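K.L.:
Okay, here's what each chain looks like letter by letter:
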Amino acid sequence: MSKLIEIRWHGRGGQGAKTASLLLADAAFNTGKYIQGFPEYGPERMGAPITAYNRISDEPITIHSNIYEPDFVVVVDDTLLEAVDVTAGLKEDGAIVVNSTKTPDEIRGSLKGYKGKVCTIDARKISEETLGKYFPNTPMLAAIVKVSGIMDEQAFLDDMVESFKHKFAKKPEVIDGNMEALRRSLNEVNGL
Amino acid sequence: MAYNLKEAMKKPNRLASGHRMCAGCGAPVAVNAILRGLKPEDHAVIGSATGCLEVSTFIYPYTAWRDSFVHSAFENAGATVAGAEACYKAMKRKGKLPEDEHTKFIAFGGDGGTYDIGLQSLSGAMERGHDMVYVCYDNGAYMNTGIQRSSATPRFADTTTSPSGKVVPGKQQKRKDLTEVMAGHHLPYVAQTAPYGNFSDITTKAEKAIYTEGACFMNVLAPCPRGWGYPTENLMELCKLAVDTCYWPLYEIIDGRYVVNYKPKNKVPVAEWLKLQKRFAHLFKPGNEWMIEELQKEVDEKWERLLELEAITNKAE
Amino acid sequence: MSENKCNINAKSTWKELTPGGTIYDAANSEGFHTGDWRSKKPVFHADKCKQCGLCLPVCPDSAILMDESGNRGDFNFDFCKGCGVCAKVCPFGAISME
Amino acid sequence: MSIRERLSGNEAVANAMRQINPDVVAAFPITPSTEVPQYFSTFVNNGSVDTEFVPVESEHSAMSACVGAAAAGGRVMTATSANGLSLMWEILYIASSLRLPIVMSCVNRAVSGPLNIHNDHSDSMGARDSGWIQLYCETNQEAYDNILMANRIAEHLNVQLPVMVCYDGFITSHSIENIELEEDDKVKAFVGEYNPEHYLLNKKEPIAVGPLDLQPYLFEHKFQQAEAMRAAKDVILEVSEEFAKMTGRKYGLFEEYKMEDAEVAIVVLNSTAGTAKHTIDELREKGVKAGLIKPRVFRPFPVTEIAQALKNVKAVAMLDKCDSTNGAAGPLYTEVTSALYTEGITGVKTVNYVYGIGGRDVKSDDIEKVFTDLQEIVSTGKVENPFRYLGLKD
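Chains as they are written, first to last, in our numbering: chain B, 12 to 203; chain G, 10 to 326; chain P, 25 to 122; chain V, -2 to 391.
Note that these hints are calculated values from the structure, not bench results. Predicted, not measured: the structure shown is a model, and the values here were computed from it. Treat the hints loosely; a few may be bogus.
Within a straight-line C-alpha distance of at most 20 Å, the following computed PhoX-like cross-link-like pairs (lysine-lysine) qualify [stated by the list, open to error]:
#1 35(P) with 19(G)
#2 249(G) with 284(G)
#3 284(G) with 112(P)
#4 276(G) with 311(G)
#5 200(V) with 20(G)
#6 219(V) with 39(P)
#7 15(G) with 74(P)
#8 255(V) with 185(V)
#9 105(G) with 185(V)
#10 284(G) with 294(G)
#11 346(V) with 366(V)
#12 103(G) with 390(V)
#13 200(V) with 98(G)
#14 201(V) with 219(V)
#15 360(V) with 14(B)
#16 324(G) with 284(G)
#17 283(V) with 98(G)
#18 255(V) with 219(V)
#19 294(G) with 272(G)
#20 20(G) with 217(G)
#21 175(G) with 287(G)
#22 247(V) with 230(V)
#23 182(B) with 144(B)
#24 15(G) with 35(P)
#25 366(V) with 105(G)
#26 102(B) with 360(V)
#27 201(V) with 101(G)
#28 287(G) with 249(G)
#29 101(G) with 390(V)
#30 200(V) with 105(G)
#31 255(V) with 48(G)
#32 103(G) with 200(V)
#33 379(V) with 360(V)
#34 14(B) with 283(V)
#35 48(G) with 185(V)
#36 346(V) with 35(P)
#37 360(V) with 20(G)
#38 249(G) with 35(P)
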């Protein structure tokens, strides 16, 4: 990858879409990339739709606007499909990945005629089975790594185990579950 | 050490001669009395709000302050001195200042800079507990700008923005009780005082305030011959009557415990104090007796309340 | 009495003024005499003075001279503005305003 | 070796402050600068600095406490934005006129009203004549670097003026980006100890600060201040050169991007300059000789240098993220055109765009439109309306 990749995240306040975008930036940074991670700023309120952005590149990034024509879109909560035009500006040769129990074909109907690749992942199921609770961030992070191909999957997993060791230094018992969630998510993206 | 006037007067005047306060002004008398509370060997950083005191004691290139002095603006003496105190703590901690040297921090403000425009800055500095003393020299109006009413101005007083007119007879509101406001900050030491008698009350309280760790507050009556309208030589008489009428009680609040330092055996009627001042002249016109009665009532009620507070806060546990 | 050591006066050029107007010479106001503000002059009658000291703290201008043992002497007319507060507080009539 | 990191602008600045370890930090929270005192108070409470942190009750008191602390002899820092800077207004002038070397990060945000928390430059531009040195930053890297240099500049004996380091709210303050950090010990050595000549806490020499300064003196004191501001230019360059030796990162009074042969250029501050570089790269591929000047030092304003840098272009657009509401142009336009005229450069067509007000996003397309307009100005030789708006819905 040499060109600039732009990613837009849609979530709801409190679900961690912003955190997920920062985690992706971290992972890409740790594999040597230039990165940007920033939310669409405003008073963040629980439940309100929020947007976050990533730019990832092998070259220094100078552009500082929001992202209007993303290469990829991540939707952390499929109830947003009703409320938000999630594919606005999304490049046709890009892809959208939605956290949903539905199939990509079922989702495509809600996407206002988007013709590019549609992927889904059941982040709830993976999260609950591996972490015992619903944390959509971890599966969605792996899903966008898979869908976008922005970094080598093994390098991503190697980096994440290090960052989980750091993040969960006081409760190492959750590291395995998180790593399992990542591995399963890399394999359970539908519509590739 | 017990207060001794002549011993106290041997200390250097830390507000030096050559300042340009009015002849007979109460403020420099109060300031020097406060500063005699400092141990001679201690250095002080003194701040002042913009006001008579500041513009008359540091007119470039002359300073009347024997200690370090800082003035920034009208409403920020509290925060400015708090900043200097914070710096002292940091520099001490970093070993940038000699260990055996002690610096004390004192802010002065008139009632304008303290009761009104500077109240927020004062409240913040006190609440944060900087090791400093804030001294309000209260002359009951904005004297520096030409005697405009302040929230410290007594009810009915004639000022240039509360003139005694044909319809409205002077200031209509009671004065704010700032000493009580400061008591609500739960400070280790709060005192109300005035230059009085042999100055034991004011200087002893200053010493307590300066050497009590934490944020302390003093409210000092400082008569103004121009603003109050009296011949300059009457300064001490006006202080004495303010105390003897219980208009300006001498008291202190030590860790929440009230101590009334002086209880006159015979409270002098407040009219005796009022009649010496031109700002109250209209109260003595026929038909205006009610105003004097109202002021007397206000003074009496506040005095009784103060005595009650003393009783309540000194109850045996 | 300290002099105005930095020698700054109304004719000083910008190069001669201290930056920011900071003065490094504490209490140099003692070089600025306010005695000419006086319209009435206090007169000290040493014979009537009992050395009670009550006049000392009431002087707004610290213009009453004092010896090492704390006894008052005459006025410092370099600074006395003639307010008369001292005369009024003296219990013994040892100060008169003339 | 610099340390490769990724931080937000506010994190970077707070880290620079940790490395500087000032004596006093007094600050009051206001979006989007709030994180700076937040991160910093964590450093204080975890013992990684021995600064006295004063959590004041307002920005007015923040600047007042900074004045008290700086006069006392300390190295003093703070941070604010927008209305916080407005509330400091009175004391900004006092800080500079008392010649106190306070360093502030000003995280640029629209000044109310109506209330808006997003980025523009109305806050620091309003304070442009308050006697503070102003450094503007495109990225978190520049914010970090300028903060590291700011104390040295402010404290220099020829200067003794406060410094405001301005970077864009949210766009720079809250975005995570790559950054090169310097090691703590290197920063410590670079910044050095602050030993003021005269200070309140010096018992051996009590001083008086903040006089009533009447007619015989104030003019001369203000001239001294103006001289110090003029002297700051060389000091900024000296400090920047030393910084470059340590880090390899070079800073001047302004950055020139592809100006060597530029025919059309824009002058713009802060993060938009990055977007403009992206646009210029694209335009250059299409053969447009586009260039950029990004002022770093806005106060003192580099009159001669900026005029000389623009003398060979045919048309230049000044982009202002602040409307002076003077019925004409924004402050950057006024400064640059004044510089051109002063230097006798009259052949350059000039145009102003007020843009990005209240966080209105600036896209590469918007910048491209400016260059298209500039090319039209060059081809027609006329500027129809020099006072324009970019991104306004009309």
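K.L.:
Against the structure shown, which of the earlier numbered hints fail to hold, in ascending order?
P.N.:
The structure breaks hints 1, 8, 12, 14, 16, 17, 18, 19, 24, 25, 29, 31, 33, 35, 36, 37, 38; every other hint is satisfied.
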